[in-house]
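Novice: Okay, here's what each chain looks like letter by letter:
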Amino acid sequence: MRLRSLTAAGVVAAMLALTGCGGGSDDAGASGPVDLRMTIWSANAKHTALFDQIAAEYKKTHPDIGKITFESIPYENYTTALTTQIGGGNVPDLAWILESTAQDFVTSGALAPIDKDPDLLPSTTKTWEQDGQLFAYPFSTSPLGVFVNTDLVTAAGRPAPAQQVAAGNWTWDQAVATGAAVQKTGKGGIVVGDFDYKGWDTLNSIWAGWGARPWSEDGKTCGFDQPEMVAAMTAIHKMVFTDQAMPGPGVTKDFFAGDAAMVLTQISRAALLEKAKFKWDLVPLPKGPAGEYAVVGQAGIGVLKRGKHVDAAKDFLAFFSNQENSAKLAAFFPPPRKSQLTTEVLAKANPLLKPAQLQSVVIDGIERGDIKTSHVGYAELQQTVRAALDPLWKPDADVQAVLSGVCAKINPLLAK
Amino acid sequence: MSRRLKLLVYGVLLICCVPFVFPTWWMATTSLKPVNEIFAFPPRLLPQDVTFDAYRQVFALQPFGQQYLNSLYIAVLVTLGTLVVSSLAGYAFARIPFRGSGVVFVVVLAGLLVPNEVTIIPLYRMFDGLGLVNTHWPLILIPMLGAPSVLATFIMRQFFITLPRELEEAGRVDGLGRFGLFWQVSLPLAKPAIGAVSIFTFLHSWNLFLEPIVFLSSKDKFTIPQALTQYVDAYGGALWNVQLAAATLSALPVLVIFVLAQRQFVEGLAQTGLKG
Amino acid sequence: MTLLASKPAAAPARAPERAPYWTMRRRDELAGWLMVTPQLAGIVAFVIVPLGLVVWYSLHEWNVLAGTFDFVGGANYEQLTSDPRLGPALQATGLFSVGLVVLNLSLALFLAVLLNQKLRGTVVFRTLFFSPVVVTLVAWTIVWGFLLQDNGGVNGFLQQLGIDGPNWLRGESTAMISVIVVQLFKGVGLNMVLFLAALQGVPAELYEAARIDGASAWARFRRVTVPLISPTILLTSILTVVGSLQVFAQIAVLTQGGPGTSTTVLVYYLYQQAFQFHHFGYGATISLLLFVIVLALTVLQWRMRRRWVFHES
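Residue numbers (our numbering), protein chains in the order written: chain E, 1 to 416; chain B, 1 to 276; chain G, 1 to 313.
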């Protein structure tokens with residue numbers, strides 16, 4: 001009876017769980033091909049096609065490798081799903097890791113050290129190092145830029161940001177004025193990509209211009225109540241509620257659908273503009289009170305120490321990220337290599353962007369860019385700050401008081 | 001009932017309809033709008049520019065057809081399996097005074113009280129131990145035999161308990177054993193309960209969200225609710241129109257089937273032992 | 001208690017020698033056990049054993065990333081008693097459950113009474129009210145997420161009426177109301193149908209008799225209808241309470257527990273601790289608390305039935 005055997009299977013499962021609680025990472029043994037699995041968050045078909053192509057080439061020279069799968073987990077639940085797999089004992093061999101959780105993964109000892117190619121820019125590997133060892137290959141080092149809908153800006157009677165960049169007066173004051181002018185026409189002004197009044201860490205693309213940071217370099221002291229942060233947040237609050245230059249909470253204006261003047265986001269999103277029906281441009285972040293600045297987004301590819309085939313995974317990662325493949329990947333993910341950060345290489349990979357845009361935003365950006373502040377226990381900090389920051393997104397909020405409140409909430413977590 | 005009262009009742013019913021019907025209407029019509037019309041304020045009831053672009057993308061970005069089939073076949077299997085498990089158990093609890101039935105019933109009922117979030121971690125480890133993570137087995141076995149099937153068993157029991165004794169006594173005289181009584185006498189009478197259990201179970205399986213997220217990781221194995229949240233660009237930015245088109249596709253066929261069969265649907269549900 | 005009735009079969013003191021071993025009673029015993037075996041085994045494998053494991057995990061500090069699993073005794077339970085976020089989570093859970101259960105049961109009963117009038121076209125209305133039940137939960141929630149935006153459909157509609165709607169998902173109280181309402185319209189059709197069936201089971205003569213006694217419509221509803229359908233009220237309220245304590249997808253899609261922590265209900269908090277913050281041990285402890293709450297509420301409701309459920313007295 002089929003049903004009975006199913007029940008039996010269930011009981012066996014229960015018993016196995018009881019006995020095998022330790023979480024097995026036993027070696028698959030010498031015989032049989034080695035299968036590798038890499039978790040990624042991109043669901044983009046072009047990305048996976050390229051990955052598959054690289055994997056196929058690798059297998060040509062490595063007959064011992066069976067299947068190489070790229071498992072796409074939605075960005076929103078990415079770290080959660082990854083940790084569940086690890087916790088459940090189903091450890092992937094390789095994984096993309098978000099910059100913000102970098103410290104968590106690096107310091108916990110979840111990752112195996114990998115070889116460091118001298119071609120890698122030191123500014124890109126900093127986040128992924130501990131005790132002189134590199135724990136993940138920095139990839140997709142993507143600077144943040146400002147995409148501009150020049151149609152909307154011109155229609156609102158404002159000078160194009162590119163002209164202001166050339167004239168040397170591309171500042172936040174000017175950007176806000178432009179945003180406000182466009183928002184008066186019923187469209188959105190300045191949008192911070194993925195912020196939506198929840199992902200507060202994306203605001204680093206603004207506050208870095210004020211020299212502010214959420215917590216100190218060593219992660220021990222809260223930075224929210226520091227003067228720089230208070231000034232930056234006051235400016236953002238004013239931008240939203242007084243100047244009306246940024247769509248308010250609960251209002252969605254999609255830049256890529258032509259509904260907003262500007263968006264601060266990763267330049268890799270240029271792909272979304274392929275079919276745009278409006279004229280657009282890409283410029284660097286505006287100058288802030290603390291001067292010119294750049295911010296880069298980043299991800300790392302790590303080899304999980306408790307994966308079944310650590311050595312095979314390391315070898316594949318080395319191949320995946322070598323000169324030749326890095327150049328191919330540059331189509332989507334700016335390379336962290338000195339030798340490839342040239343306008344020629346990048347232009348081939350990003351046909352939508354002009355050489356001047358590549359130089360000013362990508363190359364300069366990566367070389368001096370700030371990366372999102374990371375922390376051990378980042379997820380808990382992220383959620384705690386999000387909850388404590390919510391009172392700020394009201395017209396009559398007391399910025400200083402809210403920010404002190406944030407510090408009060410996260411100090412116990414920072415002290416851990 | 002007076003004319004005026006009738007009008008009043010109709011008026012109230014019509015107003016009440018809005019929050020039930022409008023979201024579905026909005027979902028279906030908005031999925032035909034170009035992206036820049038989605039956030040037009042105030043929203044329009046009908047699209048100005050009808051485009052099927054989003055629907056094309058639904059299938060281009062993900063194996064949506066496959067995911068649809070996954071959801072469908074899992075839900076059907078779970079429903080069939082649950083019917084077998086719950087009708088047997090429900091019958092035994094209702095009609096057979098076997099030793100220990102009280103204790104067993106309490107143990108089983110406890111299943112109704114354990115939220116699935118509570119046990120998801122150990123269940124994940126169990127299925128991983130069997131090598132069944134990233135297969136559909138957990139999504140089939142757990143609802144069919146575990147906590148979600150308890151409600152079905154309860155409905156079945158409540159139904160069987162209402163059957164008059166005499167029916168079975170007549171069957172006994174004809175020489176039927178327990179399984180015979182169950183199969184030939186009681187079960188044929190249980191159509192309403194079977195209907196209700198099928199509906200509950202199918203919808204429960206169709207709507208599962210946390211379990212697929214935890215257990216499944218490759219796209220061609222995904223189920224519909226999980227797939228719906230996947231229409232995002234590489235950085236998690238939602239593709240609004242595609243998401244709505246996929247949502248519409250997930251809802252409309254079931255809605256149509258429901259409207260066509262609504263009498264059996266609702267009345268089956270209504271005539272169950274859930275009356276008390 | 002009819003529900004748990006089990007009459008242990010009294011074995012005959014001395015069986016006559018010729019009697020076969022497989023008496024009808026014995027055969028019944030065997031059949032009963034065979035029939036409940038799949039269900040029982042499933043519950044043991046997928047509920048009881050995992051629950052035991054959860055207890056075990058709750059005694060450990062389990063860092064998933066580092067791969068450590070250390071026994072810490074009652075430390076997680078101590079943390080539970082001093083966790084400043086637990087109070088708000090319990091409060092949000094209470095608000096959500098009470099709000100949903102009260103609104104759901106009253107609206108369901110109200111609609112059922114309306115539909116129980118002998119009017120043309122009630123089948124159409126019944127179908128419409130029930131339709132959200134069959135719409136995929138995540139799809140329904142995503143759509144409401146759009147509609148509840150500050151510049152979304154709900155406020156667009158209110159604007160037509162000359163009302164300036166609030167920013168639903170961004171205000172602490174309106175966010176909670178939104179989550180409740182979204183769930184209300186999704187599920188109320190189910191309870192409505194159950195009530196409708198119960199109402200149709202109330203004999204017309206009883207209403208007649210009450211009418212002759214001069215009882216008003218309200219009095220007839222309270223004295224005749226409510227007592228007669230009380231078993232259904234009990235059942236729907238248990239199911240709705242238990243369901244309301246498990247709300248997850250709606251919160252995850254609509255508010256992610258915010259603004260502030262206003263919609264961080266216990267299940268969501270548990271999910272955060274275990275899956276987002278990687279505190280599996282502590283997550284297990286919270287899930288045990290959740291289980292205890294569900295259990296206590298259900299037992300309470302079941303006990304209270306004697307007070308007001310008609311059939312049982």
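These are calculated hints, taken from the structure and not from any lab test. Only a predicted model underlies this, so the values are computations on that prediction, with no experimental measurement involved. Keep in mind that the hints are not guaranteed to be accurate.
Listed next, with one range per pair, are the computed distances between beta-carbon atoms [as the list claims (entries may be wrong)]:
1) Pro289/E x Ala40/B: 17 to 27 Å
2) Asp151/E x Val124/G: 32 to 42 Å
3) Leu80/G x Val21/B: 41 to 51 Å
4) Lys126/E x Val21/B: 50 to 60 Å
5) Ala160/E x Leu260/B: 32 to 42 Å
Just so you have them, the derived chain E footprint on chain B, three or more residues with Cβ under 8 Å [as the list claims (entries may be wrong)]:
6) 116-129
7) 212-223
Below 20 Å or equal to it, Euclidean Cα-Cα: the simulated SDA-like pairs (lysine to any residue) are [stated by the list, open to error]:
8) Lys219/B x Thr69/E
9) Lys67/E x Gly131/B
10) Lys354/E x Ala160/E
11) Lys275/E x Val232/B
12) Lys6/B x Val124/G
13) Lys219/B x Gln53/E
14) Lys6/B x Ser216/G
Beta carbons are placed, not taken as given, at the ideal position from N, Cα and C, and that holds for glycine.
Novice: Now, for every hint given, state plainly whether the structure supports it.
Specialist: Verification of the hints:
1. For the pair Pro289/E and Ala40/B, the beta carbons lie near 37 Å from each other, so the given range of 17 to 27 Å is not met.
2. Separated by about 48 Å at the C-beta atoms, Asp151/E and Val124/G break the suggested range of 32 to 42 Å.
3. Leu80/G and Val21/B have their C-beta atoms about 44 Å apart, which keeps the hinted 41 to 51 Å range intact.
4. Restraint check, Lys126/E to Val21/B: a C-beta distance of roughly 56 Å satisfies the suggested window 50 to 60 Å.
5. At roughly 57 Å, the beta-carbon separation of Ala160/E and Leu260/B lies outside the given 32 to 42 Å, and the hint is violated.
6. Counting residues of the region 116-129 of chain B whose CB lies closer than 8 Å to any CB of chain E gives 8, so the stated coverage by that chain holds, three being the minimum.
7. With a cut-off of 8 Å between beta carbons, the region 212-223 of chain B has 5 residues touching chain E; three or more are needed, and the interface restraint holds.
8. Taking the CA atoms of Lys219/B and Thr69/E, the gap is near 12 Å; set against the 20 Å cutoff, the hint holds.
9. About 17 Å separates the Cα atoms of Lys67/E and Gly131/B, which keeps this hinted pair within 20 Å; it holds.
10. At most 20 Å may separate the alpha-carbon atoms for a hinted pair to count; Lys354/E and Ala160/E meet this at roughly 16 Å.
11. Distance hint between Lys275/E and Val232/B is fulfilled; the C-alpha atoms sit about 17 Å from each other, no more than 20 Å.
12. At roughly 16 Å between alpha-carbon atoms, Lys6/B and Val124/G fall within 20 Å of each other, so this suggested pair holds.
13. Proposed proximity of Lys219/B and Gln53/E is supported: the alpha carbons are some 18 Å apart, at most 20 Å.
14. A threshold of 20 Å between alpha carbons decides the hint, and for Lys6/B with Ser216/G the separation of about 18 Å falls inside it, so the pair holds.
When held up to the earlier numbered hints, the structure conflicts with 1, 2, 5 and fits the remainder.
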